[in-house]
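2 protein chains.
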Amino acid sequence: MEIIFKPIGFIHAQVKNVPRHWTLSDEEGMLVLNEEFIPGIKDITRGQHIVVIFHFHKSRDFSDYFLVQKPPHKKERCGVFSTCSPIRPNAIGMSVLEVLKIDRNIIYFRGLDMIDGTPVLDIKPLVGTRVDRNST
Amino acid sequence: MEIIFKPIGFIHAQVKNVPRHWTLSDEEGMLVLNEEFIPGIKDITRGQHIVVIFHFHKSRDFSDYFLVQKPPHKKERCGVFSTCSPIRPNAIGMSVLEVLKIDRNIIYFRGLDMIDGTPVLDIKPLVGTRVDRNST
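Each protein sequence line maps, in turn, to chains L and R.
Letter 127 of the first sequence, counting from 1, is numbered 127 in our numbering, and no numbers are missing.
For our numbering, count along the second sequence from 1 and bump the result up by 136.
Check each hint, because a few of them may be wrong.
Stated by the list, open to error - Per label pair, the in silico range of CB-to-CB distance:
(1) L:L24 x R:N270: 20 to 30 Å
(2) L:K16 x R:K206: 40 to 50 Å
(3) R:G183 x L:D64: 26 to 36 Å
As the list claims (entries may be wrong) - Partial selection, computed: residues in chain L whose CB lies under 7 Å from chain R:
(4) I4
(5) I8
(6) T23
(7) L24
(8) D26
(9) K42
(10) V68
(11) I92
Said to hold, decoys possible - Straight-line C-alpha distance at most 20 Å; calculated PhoX-like pairs for lysine-lysine:
(12) R:K142 x L:K58
(13) R:K237 x L:K6
(14) L:K58 x L:K16
(15) L:K6 x R:K194
(16) L:K101 x L:K42
Don't read these hints as lab results, they were simulated from the structure.
Every value quoted in this text rests on a predicted model; they were computed, and no experiment measured them.
Glycine is no exception: its CB is placed at the ideal position from the N, C-alpha and C atoms.
For reference, chain L alone in the conformation it holds in the complex (with noise of 0.2 Å):
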């Protein structure tokens, strides 16, 4: 069973040193939205924070030896659904960005975590959860 998914746009970003999560990051990145989809985000506005998923398109294949991975700022080994990897089953990111400017198309934004040419697949509203940065 396959599920096909296509990018609703791209990660727009010019950072040499892409932060590895955006509860780390003030970096800042654009949105490129794919300009059939402009009505679908009228009611963003300045200021919100948005869900971006995407998709890890850089990352090496999963295979078993990754079920367990140690994450770079831990010490010990910890499943791969309990970490934020972008070597998983389905190379599925997601995080959790603060709008900053809307241009037509372009959701400029800061908390920059993923890299230049990055597929965005969706953007979801943050509902039921608010941003604490030194949540875990």
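Keeping the supplied structure of chain L fixed, place chain R upon it in accordance with the hints.
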């Protein structure tokens, strides 16, 4: 450009009226993980919240008509990326679920808002946000 994912497991639930959002749900369900991934959930513990990414597999196809939609609980029509509607360009859902128990490859949880048979794509730890059911 197509991105292909495969389910890592499926949701099982015997609930007649599935709540429309996990923030409104005290219903319980099971996430039955494919057995090959069991080592990947070894650090998920009872009482914890997990982020579950899934496929709205029964959702109708997206078209331009759905770029702006009226959520059932709101008066106004919203851009799709400000809603949790299952009818979206990529039919990806995301819920934050409370882990009740783990038995081998089965995660018992509270917060069900997906239908029986829903394909699960990923499980992530809740990092950087915390549950606040009143937040919007």
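Here is what the structure says about each hint:
1. L:L24 x R:N270: 20 to 30 Å: 27 Å, holds
2. L:K16 x R:K206: 40 to 50 Å: Given a distance of about 44 Å, which is inside 40 to 50 Å, the answer is holds.
3. R:G183 x L:D64: 26 to 36 Å: 28 Å, holds
4. I4: Holds - the Cβ of I4 (chain L) comes within 7 Å of chain R, reaching about 5 Å at its closest.
5. I8: 5 Å, holds
6. T23: 4 Å, holds
7. L24: 9 Å, violated
8. D26: 14 Å, violated
9. K42: Since chain R brings a Cβ to about 4 Å from K42 (chain L), closer than 7 Å, the hint holds.
10. V68: Holds - the Cβ of V68 (chain L) comes within 7 Å of chain R, reaching about 6 Å at its closest.
11. I92: Since chain R brings a Cβ to about 5 Å from I92 (chain L), closer than 7 Å, the hint holds.
12. R:K142 x L:K58: At roughly 18 Å apart (the allowed maximum being 20 Å), K58 (chain L) and K142 (chain R) satisfy the hint.
13. R:K237 x L:K6: With a Cα-Cα distance of about 35 Å, the restraint between K237 (chain R) and K6 (chain L) is violated, given a limit of 20 Å.
14. L:K58 x L:K16: 16 Å, holds
15. L:K6 x R:K194: Holds: K6 (chain L) and K194 (chain R) sit about 18 Å apart, inside 20 Å.
16. L:K101 x L:K42: 12 Å, holds
Comparing the model with each numbered hint stated earlier shows that hints 7, 8, 13 do not hold.
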